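Engineer: Sequence:
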Amino acid sequence: MFYLLYFRLNGNPVGNVGCKILCESLTKTKDPFPFLRRSSGYLTPSEARQQKDEGKSVDYDKIDDKGCSIKEIDLGDTKVSDAGIAEIAKFLESNETLVTLNLNGNNEISPRGWERLGQALKTNTTLRTLSLDYTNIGDEGLDRLTKGLKVNTGLRSLELEHTGLTEKGGDVLLELVKSNTSILELSVTSGNSIPDNILGEVRNYLALNRSAN
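Whatever position you read off the sequence shown (first residue = 1), add 2 for our numbering.
These are calculated hints, taken from the structure and not from any lab test. Predicted model only: the values in this text are computed from it and were never measured. Check each hint, because a few of them may be wrong.
To be verified - For lysine-lysine, the following BS3-like pairs were computed, each having C-alpha atoms within a straight-line distance of at most 27 Å:
| # | residue 1 | residue 2 |
| --- | --- | --- |
| 1 | Lys170 | Lys180 |
| 2 | Lys73 | Lys152 |
| 3 | Lys124 | Lys92 |
| 4 | Lys30 | Lys124 |
| 5 | Lys73 | Lys124 |
| 6 | Lys149 | Lys73 |
| 7 | Lys180 | Lys81 |
| 8 | Lys180 | Lys149 |
| 9 | Lys81 | Lys92 |
| 10 | Lys54 | Lys149 |
| 11 | Lys73 | Lys58 |
| 12 | Lys170 | Lys149 |
| 13 | Lys81 | Lys124 |
| 14 | Lys22 | Lys73 |
| 15 | Lys81 | Lys30 |
| 16 | Lys81 | Lys22 |
| 17 | Lys22 | Lys124 |
| 18 | Lys124 | Lys149 |
| 19 | Lys170 | Lys152 |
| 20 | Lys124 | Lys54 |
| 21 | Lys22 | Lys149 |
| 22 | Lys152 | Lys180 |
| 23 | Lys152 | Lys92 |
| 24 | Lys92 | Lys73 |
| 25 | Lys149 | Lys92 |
| 26 | Lys124 | Lys152 |
| 27 | Lys170 | Lys124 |
| 28 | Lys54 | Lys92 |
| 29 | Lys92 | Lys22 |
All chains, full assembly: derive it from the sequences and hints.
Structural biologist: Here you go:
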């Protein structure tokens, strides 16, 4: 497995086409140096190339190569909309290594796009942090997203600052943290209009979730 830990494209005009290319590339990428894996540890790429050039054999652990072992993708402010979200969702449905996804600032995603992401999160169990600050997801988009999140067992942190949420969105979040005890952190207080009493209830359920985990 090729260990690519971080992919940060924040602020670049990646767009939907770039998002498609990125997701397809990460899905198809295979380990270019399988001989790096050894029971005794890892070689650097330069050491591996040198040993290969010298004709030396290297004992390595043979494991199934399922593509890039990526941990974090930062696509904040990259002009991604529904078509790009569909590619990300498809990637999440097959990926088993990603733990952090940042989609901050992509405010052209419609409720349908958020619903597609939610569908992917019904089956993905490895993502731990999903950051959606400044996305204009709104109450309807959040409602559609959480249809998938309610049955997700992996997510621990959800970031939703400045996303246009109102009392209705607060009720959606309250139902989410009631039904999904895996969610431990929720960032939602800035840039939204959720009443304090609902926020208080959300915090209480998050505390219960943390105490149970």
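Engineer: State for each hint whether it applies.
Structural biologist: Hint check:
A distance of roughly 16 Å separates the Cα atoms of Lys170 and Lys180; the hinted pair therefore holds under the 27 Å criterion. For the hint linking Lys73 to Lys152, the alpha-carbon distance of about 23 Å falls within 27 Å, and the restraint holds. With a C-alpha separation of about 12 Å, the suggested pair Lys124 and Lys92 falls inside the 27 Å cut-off, and the hint holds. Distance hint between Lys30 and Lys124 is fulfilled; the C-alpha atoms sit about 23 Å from each other, no more than 27 Å.
Of the supplied pair hints, the one linking Lys73 and Lys124 holds, its CA atoms being roughly 19 Å apart against a limit of 27 Å. About 25 Å separates the Cα atoms of Lys149 and Lys73, which keeps this hinted pair within 27 Å; it holds. A threshold of 27 Å between alpha carbons decides the hint, and for Lys180 with Lys81 the separation of about 33 Å lies outside it, so the pair is violated. Annotation: proposed proximity of Lys180 to Lys149 holds, straight-line Cα distance about 13 Å (limit 27 Å).
Note on Lys81 and Lys92: the hinted pairing holds, with a Cα-Cα distance of about 18 Å set against a maximum of 27 Å. This hinted pair does not check out: Lys54 and Lys149 have alpha carbons roughly 51 Å apart, beyond 27 Å. A C-alpha spacing of about 32 Å is found between Lys73 and Lys58, which places the hinted pair above 27 Å, so the restraint is violated. A threshold of 27 Å between alpha carbons decides the hint, and for Lys170 with Lys149 the separation of about 15 Å falls inside it, so the pair holds.
Restraint check for Lys81 and Lys124: satisfied, since their Cα atoms lie roughly 25 Å apart, inside the 27 Å limit. For the given pair, Lys22 sits about 18 Å from Lys73 by alpha-carbon distance, which is consistent with the 27 Å threshold. With a CA separation close to 24 Å, the supplied pair Lys81 and Lys30 stays within the 27 Å bound. Between the alpha carbons of Lys81 and Lys22 the distance comes to roughly 13 Å, so the proposed pair stays at or under 27 Å and holds.
At roughly 21 Å between alpha-carbon atoms, Lys22 and Lys124 fall within 27 Å of each other, so this suggested pair holds. For the suggested pair Lys124 and Lys149, the alpha carbons sit about 8 Å apart, so the restraint of at most 27 Å is met. In summary, the hint linking Lys170 to Lys152 is supported, as the alpha carbons are separated by about 17 Å, within the 27 Å threshold. Using a Cα cut-off of 27 Å, the hinted pair Lys124 and Lys54 is violated, with the two alpha carbons roughly 44 Å apart.
Taking the CA atoms of Lys22 and Lys149, the gap is about 25 Å. The hint holds against a cut of 27 Å. Between Lys152 and Lys180 the alpha-carbon distance is near 9 Å, which keeps this suggested pair within the 27 Å criterion. Distance check on the hinted pair: Lys152 and Lys92 sit about 19 Å apart at the alpha-carbon level, within 27 Å; holds. A hinted pair counts as satisfied when its Cα atoms are at most 27 Å apart, and Lys92 with Lys73 qualifies at roughly 17 Å.
At roughly 17 Å between alpha-carbon atoms, Lys149 and Lys92 fall within 27 Å of each other, so this suggested pair holds. Restraint check for Lys124 and Lys152: satisfied, since their Cα atoms lie roughly 8 Å apart, inside the 27 Å limit. Restraint check for Lys170 and Lys124: satisfied, since their Cα atoms lie roughly 23 Å apart, inside the 27 Å limit. Simply put, Lys54 and Lys92 have alpha-carbon atoms about 36 Å apart, too far for the 27 Å limit, and the pair is violated.
Distance hint between Lys92 and Lys22 is fulfilled; the C-alpha atoms sit about 10 Å from each other, no more than 27 Å.
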